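Which chain is which? The protein sequence lines are A and B, in order.
Using the working numbering, the letters of the first sequence correspond one by one to residues 1 to 231.
Using the working numbering, the letters of the second sequence correspond one by one to residues 1001 to 1231.
Treat the hints as calculated values from the structure; they're not laboratory data.
Computed from a prediction, not measured in an experiment: that's the story for all the values here.
Certain hints may be false.
Stated by the list, open to error - Derived DSBU-like pairs (lysine-lysine); straight-line CA-CA distance at most 30 Å:
{"hint": "1", "chain 1": "B", "residue 1": "K1080", "chain 2": "A", "residue 2": "K45"}
{"hint": "2", "chain 1": "A", "residue 1": "K80", "chain 2": "B", "residue 2": "K1198"}
{"hint": "3", "chain 1": "A", "residue 1": "K45", "chain 2": "A", "residue 2": "K108"}
{"hint": "4", "chain 1": "A", "residue 1": "K45", "chain 2": "B", "residue 2": "K1045"}
{"hint": "5", "chain 1": "B", "residue 1": "K1045", "chain 2": "A", "residue 2": "K108"}
{"hint": "6", "chain 1": "B", "residue 1": "K1198", "chain 2": "A", "residue 2": "K198"}
{"hint": "7", "chain 1": "A", "residue 1": "K198", "chain 2": "B", "residue 2": "K1045"}
{"hint": "8", "chain 1": "A", "residue 1": "K45", "chain 2": "A", "residue 2": "K80"}
{"hint": "9", "chain 1": "A", "residue 1": "K80", "chain 2": "B", "residue 2": "K1045"}
{"hint": "10", "chain 1": "B", "residue 1": "K1080", "chain 2": "B", "residue 2": "K1045"}
{"hint": "11", "chain 1": "B", "residue 1": "K1080", "chain 2": "A", "residue 2": "K198"}
{"hint": "12", "chain 1": "B", "residue 1": "K1080", "chain 2": "A", "residue 2": "K80"}
{"hint": "13", "chain 1": "B", "residue 1": "K1108", "chain 2": "B", "residue 2": "K1198"}
{"hint": "14", "chain 1": "A", "residue 1": "K80", "chain 2": "B", "residue 2": "K1108"}
{"hint": "15", "chain 1": "A", "residue 1": "K80", "chain 2": "A", "residue 2": "K198"}
{"hint": "16", "chain 1": "A", "residue 1": "K108", "chain 2": "B", "residue 2": "K1108"}
{"hint": "17", "chain 1": "B", "residue 1": "K1045", "chain 2": "B", "residue 2": "K1108"}
{"hint": "18", "chain 1": "A", "residue 1": "K45", "chain 2": "A", "residue 2": "K198"}
{"hint": "19", "chain 1": "B", "residue 1": "K1198", "chain 2": "B", "residue 2": "K1045"}
{"hint": "20", "chain 1": "B", "residue 1": "K1108", "chain 2": "A", "residue 2": "K45"}
What follows is each chain in one-letter form.
Number of protein chains: 2
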Amino acid sequence: MRLVVADCSARYSGRLAAQLPFATRLLVVKADGSVLLHSDGGSYKPLNWMSPPCTLLVHEPSEEQADQGVTQVWTVQHHKSDDRLEIELHAVHHDSAHELGVDPGLIKDGVEAHLQELLAAQIELLGSGYTLVRREYPTAIGPVDILARDAQGGSVAVELKRRGDIDGVEQLTRYLELLNRDPLLAPVRGVFAAQEIKPQARVLATDRGIRCLVLDYDAMRGVDDVESRLF
Amino acid sequence: MRLVVADCSARYSGRLAAQLPFATRLLVVKADGSVLLHSDGGSYKPLNWMSPPCTLLVHEPSEEQADQGVTQVWTVQHHKSDDRLEIELHAVHHDSAHELGVDPGLIKDGVEAHLQELLAAQIELLGSGYTLVRREYPTAIGPVDILARDAQGGSVAVELKRRGDIDGVEQLTRYLELLNRDPLLAPVRGVFAAQEIKPQARVLATDRGIRCLVLDYDAMRGVDDVESRLF
DNA sequence: GATTGGATTTCGTCA
DNA sequence: TGACGAAGTCCAATC
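Could you build all of it, start to finish, from the sequences and the hints given here?
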């Protein structure tokens, strides 16, 4: 990994065209050839970048560029597309290289997966007398998160989201349309369950006869902990 | 901006819990307090990070940590949530600070906007005898990208995407449902136009009687250039 | 300030 | 390998 702090300007062309005016920035060149241009603020997203696989070519400035104070020109060309990043470096304030080695990568807990697990274990949160049929119930257009039966034996399809917006309601609607063609299941009712449900999603769901259920993740986790401790 | 290359491990807790095993990484501390942990590969996304506003506290390792070779402990706490990032630094290979100043930011050309402009100017791409009614035709749930009329005077609503997937078809479906309630327009047919259309989106569109149209951006731009040169 | 839709999205997972 | 859904998504325009 090479770290450069320099006054620079840049141009990107590929899926769009964009330019970065002259300023002091951090340039990171990774071992796989990818390049990041970071400013001293904003989020984790660089101002501009080139994803691997790509090649960095460093060359001399033209006479005209040199007259304007350019000392190096970096050209980063993507291998599989026309994406290209050109950086003009003026004053270089820092330049160092480091051996980092391979990273073992991030290990993370599930979120929606964990929520699904918890709701399956606490299916009575849907209502008294509910029973689980199965998680990831397969359909032609993909698996439904949870299929359950209510106290009267009626089928209930559950779509789970961390944040419930309009897309999730559309998704559940498609599943319901398909499931209701199955005479062994129909009629199938829908439940849209999420930690947070956006107002527009709630309106759309209600309009389509889909019940909305807000889940308290911490409470569900707490119950789960208590139950675990009992055994 | 502070740049540190160090052997480290890290834990994140907040909207999820995650851990980073011991490895050599780049740590970037930005002027706004945000912290990025980068490996020597992958994309522009850091392995882990903390977004601003947040505060970095550097403190001494506990005796137990020191025994394991930890030389510094960084705690990054988000100001408005419980998000927290803890980094244990072992050997520090590099540590430098730099003044970058404020960045003017990225200036970019439009993409979907440009595509819309080009298609409006080359509306005959939809078919012989087509005429433009208007771009951004307003409806109660938002503007339709392009409204046109075919050679027979029938209304046609166009949804434009750079990459056409199922969401775009859903969006156009909602527009068509609404537009077809207007007796002055109905019947309104739909065209789903994109530089690339995903198979599932094509299936769904076709199933709903929506025509799919793949656009050649470069060719459209080329035609535009030629036309510009004529005037 | 909340919401919505796009992104040079990136990143998994699964068929 | 391609497609699809999720993301600690981020981000800007709009209401």
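Cross-check of the supplied hints:
1. Between K1080(B) and K45(A), the direct Cα distance comes to roughly 20 Å. Compliance with the 30 Å bound is thereby established for this hinted pair.
2. Taking the CA atoms of K80(A) and K1198(B), the gap is about 20 Å. The hint holds against a cut of 30 Å.
3. Only pairs whose Cα atoms come within 30 Å are accepted, and K45(A) paired with K108(A) is accepted, the gap being roughly 21 Å.
4. Restraint check for K45(A) and K1045(B): satisfied, since their Cα atoms lie roughly 7 Å apart, inside the 30 Å limit.
5. For the hint pairing K1045(B) with K108(A), the CA-to-CA distance comes to about 15 Å; that is within 30 Å, so the pair holds.
6. Of the supplied pair hints, the one linking K1198(B) and K198(A) holds, its CA atoms being roughly 28 Å apart against a limit of 30 Å.
7. A hinted pair counts as satisfied when its Cα atoms are at most 30 Å apart, and K198(A) with K1045(B) qualifies at roughly 28 Å.
8. Restraint check for K45(A) and K80(A): satisfied, since their Cα atoms lie roughly 22 Å apart, inside the 30 Å limit.
9. The straight-line distance between the Cα atoms of K80(A) and K1045(B) is roughly 20 Å, inside the 30 Å bound, and the hint therefore holds.
10. Restraint check for K1080(B) and K1045(B): satisfied, since their Cα atoms lie roughly 22 Å apart, inside the 30 Å limit.
11. Simply put, K1080(B) and K198(A) have alpha-carbon atoms about 21 Å apart, close enough for the 30 Å limit, and the pair holds.
12. For the hint linking K1080(B) to K80(A), the alpha-carbon distance of about 42 Å lies beyond 30 Å, and the restraint is violated.
13. At most 30 Å may separate the alpha-carbon atoms for a hinted pair to count; K1108(B) and K1198(B) meet this at roughly 26 Å.
14. Restraint check for K80(A) and K1108(B): satisfied, since their Cα atoms lie roughly 22 Å apart, inside the 30 Å limit.
15. Of the pairs offered as hints, the one joining K80(A) and K198(A) is violated, with about 40 Å between alpha carbons and a cut-off of 30 Å exceeded.
16. About 35 Å separates the Cα atoms of K108(A) and K1108(B), which puts this hinted pair outside 30 Å; it is violated.
17. Straight-line distance between C-alpha atoms of K1045(B) and K1108(B) comes to about 21 Å, which keeps the hinted pair within the 30 Å bound.
18. With a C-alpha separation of about 26 Å, the suggested pairing of K45(A) with K198(A) holds against the 30 Å cut-off.
19. For the hint linking K1198(B) to K1045(B), the alpha-carbon distance of about 26 Å falls within 30 Å, and the restraint holds.
20. Between K1108(B) and K45(A) the alpha-carbon distance is near 15 Å, which keeps this suggested pair within the 30 Å criterion.
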